[in-house]
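A.B. asks: Each chain is listed here by its residues.
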Amino acid sequence: MRFPSTSIRMTDDYGDNRVVSRRSFVRIAGTASAVGVAGCLGGSDSSDTFTLGAIHPLSGDAAEMGSRFQDIVSAGVQAVNEGASDLEPLAGAEGEGLPGQDGTEVEVLWADHQGSSDVARSEAESMVLDDGVDVLLGSYYSGTTEVVSQVAQREGVPHICGTAIGEGLTERDLDWFWQVPPHTGVKGESMFEFADGMNEQHDAGLETVSIIHQDGTFGTEVANSMQRVVEESDFELALDTISYSAQSVNSLSTEIRNIEQAGADIIVHAANVRDAVIMLEDMQTEDYYPELMLTPGSAYLDPSLLEESVSDYVFSGSDFAHDMFEVHPPMGAYNSYSEEESGTPFDGSSIYAWGEFFTAIAAADRAESLSSDDLRASLNSMSAEPYVAGLPYPVEFDDNGYNQEAFSFVVQSEDSQLETVWPFDQAQDDAMTYPVPSWDER
Amino acid sequence: MSGLEQHVRESVAKIGRQTGLRSVPLSYVILAFFAATLAIPSLSTSYFFLNTAIYAFLFIGLGHSWNVIGGYAGQISLGHAAMFAIGGYTTAVLFIFYDVTPYVGLVAGGLLAAVAGLALGAITFRLRYHYFSIATLAASLGMSIVFLRWDWIGGAVGLEYPLAEIGNAYAFAFRDRRLYFYVMWAFALATTLFVYRLHTSKLGIYLRAIDMDQELAENAGISAFWYKMYAMGLSSFIAGVGGGLFAQYLLYIDPQTTLKLIRNVEFVLIAVIGGLGTVLGPIVGALIYIPTREYTRTILSGSHTGLDWVIFGTILVLLSIYKPNGLIERRPVIGDRTGRKPNSSEGESDDN
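Same order as they appear, the protein sequences are chains U and R. According to the UniProt record's numbering, the first sequence is numbered sequentially starting from 1. According to the UniProt record's numbering, the second sequence is numbered sequentially starting from 1.
The hints are simulated quantities; they were obtained by calculation from the structure and are not laboratory data. Since the model is a prediction, treat every value here as computed from it, not as a measurement. Just so it is clear, CB atoms sit at the ideal spot from N, CA and C, and this is done for glycine as well. Be a bit skeptical, because a hint or two may be false.
Label-pair restraints from in silico Cβ distances [said to hold, decoys possible]:
| id | chain 1 | residue 1 | chain 2 | residue 2 | range |
| --- | --- | --- | --- | --- | --- |
| 1 | U | T254 | R | L127 | 29 to 37 angstroms |
| 2 | U | D234 | R | Y103 | 47 to 55 angstroms |
| 3 | R | N168 | U | D61 | 32 to 40 angstroms |
Could you build the full structure based on these sequences and the hints that come with them?
C.D. replies: Given below as structure tokens:
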């Protein structure tokens, strides 16, 4: 069941709205259809509203993150519909509604794919065919994103993905799919350019890498990309890639000992929050820490992990850092607005949802009309300056629909804060702590 | 009890016997149901409604699949998702890697699932009661780990059908979703007719005898092991074909979707809700379970995570109290109330 995000601020309110929303009522009526009375569901497309269908994990392991997505996008919807001229050059913020579409209001419907591809497909098709959404957003996991983009392709509806970073998503000859954030390959390149820079500028002597990952879609995809990047770089793999069951892992001590024995200088870990905590706590127990703990972000950027002291000094590829507002002041303004209006500030994951939403807004605002074909043309010809789409880098798609301007910074965590350490010229003085102190020196 | 009250009770019971489902031949009920449901795609233009119907009919077949081994033979398998996944992956791999049409892939998937089922049965049928259930669940979970790490079949990332094939009849990938409904409808009909035949066949009688008392059945000369193997092979074949149809509908397959823990439980739920060891049980179970799952999931997911399963739990508790044998109850196989032999054609309407 979906309902407009314009009416929500906090997650608890979300549930209440769900019960009384018009679409909920229609769906409940539809239950009667299923038991024998033919229903009359769907067909609710509203021509005077730009409707986006956001499909994200709102339950399960990633529920808290999905909730943050909702909060932040609700602030974005408010900025567009009510106007927030202080936020210029953010797309759609200068007037009430979409200025380029005669002030058309924006509405976001939400659906929970529960991490399952079959659910994602059902929700995507229902949103397009029953709710008549103009654009699909989402859906964080690469597997669910694949099936949502299938639906978009079949139905000729734009699917803007700002939250899934799978490297191969845009290599599938799709006409209706656009990926905004840096994919795992680009992230890996940034991470190892940073490691190269550490060797050159800090004489770090980094040579060998160990890749360890949870065996879900995210971890496997990241590990595959990282392995390719390492093999194409001057670094070497110290041992074969290690995988473990994300659902059942309780200890990573054995894996850590193997990495230690192999003498890896850098550990790349693709993890969920739970196993990231296990990894760090077990490294503390084993009194071991590599030269660089260098992660592709995700769990290691999650606010709940950053609160854990064991996460200090981890380096991660990221589009977000708490000090990025010094270098990118508009991002600071956006963050303040989001925190003030929705109660949720940016973090390493939710900034992607903000970029996903405002890429759609930027495309719609510049399109000749809100028809699918015009939205598609607008996305294909998009050339948004930094900040316009809510991100610190430009948005300009290549022929495959990948944002060729997407960029990943490298950040370091300390005292629950993320600070930019690479590109070196965007880092604040003394932002980086290196060499990383051993466990007993912390 | 007063005479009047007794008269009323007898009258009500008489009317019930004359007008109830059990007075109608089972074959008529089946044909009427499938004839009536042919019109479902025209009842509503809603995709959600059609999607729910598609899954309901797919799961009628999958419910029958589990019911053959769980309901008739009394072997409470908790690992049926393994056969489902084998069928799905076989169909997908044959088409994606070798361009073998899914019309062939579905049969191949069913056969491979049957082989896997027989292998699993050969190992686990020596176990009794909950040990069998635990072993089958362990097999399914173990397979999940293997599939997650098996790069050739996409590992955790899964396999996606080439999107250019959508609309290609050879690829069994339809653009019109109503065609998927009729495919699932045909699958449900075929499995229902198969189980209808099984119900009064020698195999069906033997399986139910094994379910009632395996030792007694063996003493009567029935080889419990081999008849359970028959049932497992047939059950697994249906589950494999169902898995293939699921992959064709989704056009994507991954371990998370096919082998998640709850998938194993779903097959059991349908048969338990509907009625173990009955022809109509999986139909009733699927028609209750799937719409309830779909509507509760969409209405209650997100901030109400898990509440849909609380609802199912409540339904199961109520069923276990008031309808412990499921909504469609099975009558005794040997020496039923009418005294008719269960394998006689006259007895079919009673034993549904």
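A.B. asks: Check each numbered hint against the structure and report the violated ones by number, ascending.
C.D. replies: Every hint satisfied by this model.
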